[in-house]
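Please take these sequences and the hints and turn them into a complete structure.
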Amino acid sequence: MKYLAIFVGLLVVSFFSCNQVTEKMPDFEVHGIDVSHYQSAIDWPVVAGEGIDFGFVKATEGQDLQDSIFCENWEAMKQAGIIRGAYHFFRPGTSAVEQALHFIGTVNLEYGDLPPVLDIEVLDEVNTDLIVTRLKIWLEMVEDAYGIRPVIYTNMKYYNQHLADHFSDYKVWIARYSSSKPMLSEERDWQFWQYGNKGQLRGIDGPVDLNVFRGTYQDLRALTYSPYSSPSTAGN
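Under this note's numbering, think of the first position of the sequence shown as 6, with each following residue one higher.
These aren't lab readings, by the way, just hints derived from the structure by calculation. Backbone N, C-alpha and C fix where the C-beta goes; we use that ideal spot for every residue, glycine too. One or more hints might be untrue.
To be verified - Here are the computed distance ranges between Cβ atoms for each label pair:
1) R207 - D149: 34 to 44 Å
2) G220 - D69: 16 to 26 Å
3) E130 - N160: 13 to 23 Å
4) N132 - G54: 44 to 54 Å
Shown next as structure tokens:
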């Protein structure tokens, strides 16, 4: 009975730790979220009132998938005054050229928007060298199309194992679900940190990913595609 009680106790602790609500990081000035169709309809003006400064929304995946409510989110974020960005979920096993064309054909980047984001977090049975080659193709095509250098999103382990030493010229958005900040090889800095996926905000039913930006609100504005910085250099 003693061991059974200990086992049950560990299960209870595990359950609550896995389901604990993600609290906003208090030591950062600029806060954001990232969403997709999984969050369903979002009341963006209400979200803006929750102290959310920026949001990334899923636009595309692979060669032909478009997020089902990307268009609604994209317009609503703009109307709510939230600095918006769009991301592409990259599939290493398919054509990087077709994936880039798919994103470019879907996302109309406007002044004040954040740089496009390349989300890479799977291998799809592709080796690291080929993944790096294909990522570079996507990144270069998208930068040429919009005139602004994309941001790379991935988790800390994936970056350190597969991307380190290859993308030092790109700003990075790192997922690490912890109270400890991401630690990247090359001792390089990160610009965005996704620190939890169980945030609770008015305007969104269910959990949402929470992020912070490493800098001030004006620093974030400086990253955007805007008339205040040349489109050919913004985001570099």
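Hints, verified against the model:
| no. | hint | in the structure |
| --- | --- | --- |
| 1 | R207 - D149: 34 to 44 Å | holds, 40 Å |
| 2 | G220 - D69: 16 to 26 Å | violated, 36 Å |
| 3 | E130 - N160: 13 to 23 Å | holds, 19 Å |
| 4 | N132 - G54: 44 to 54 Å | holds, 47 Å |
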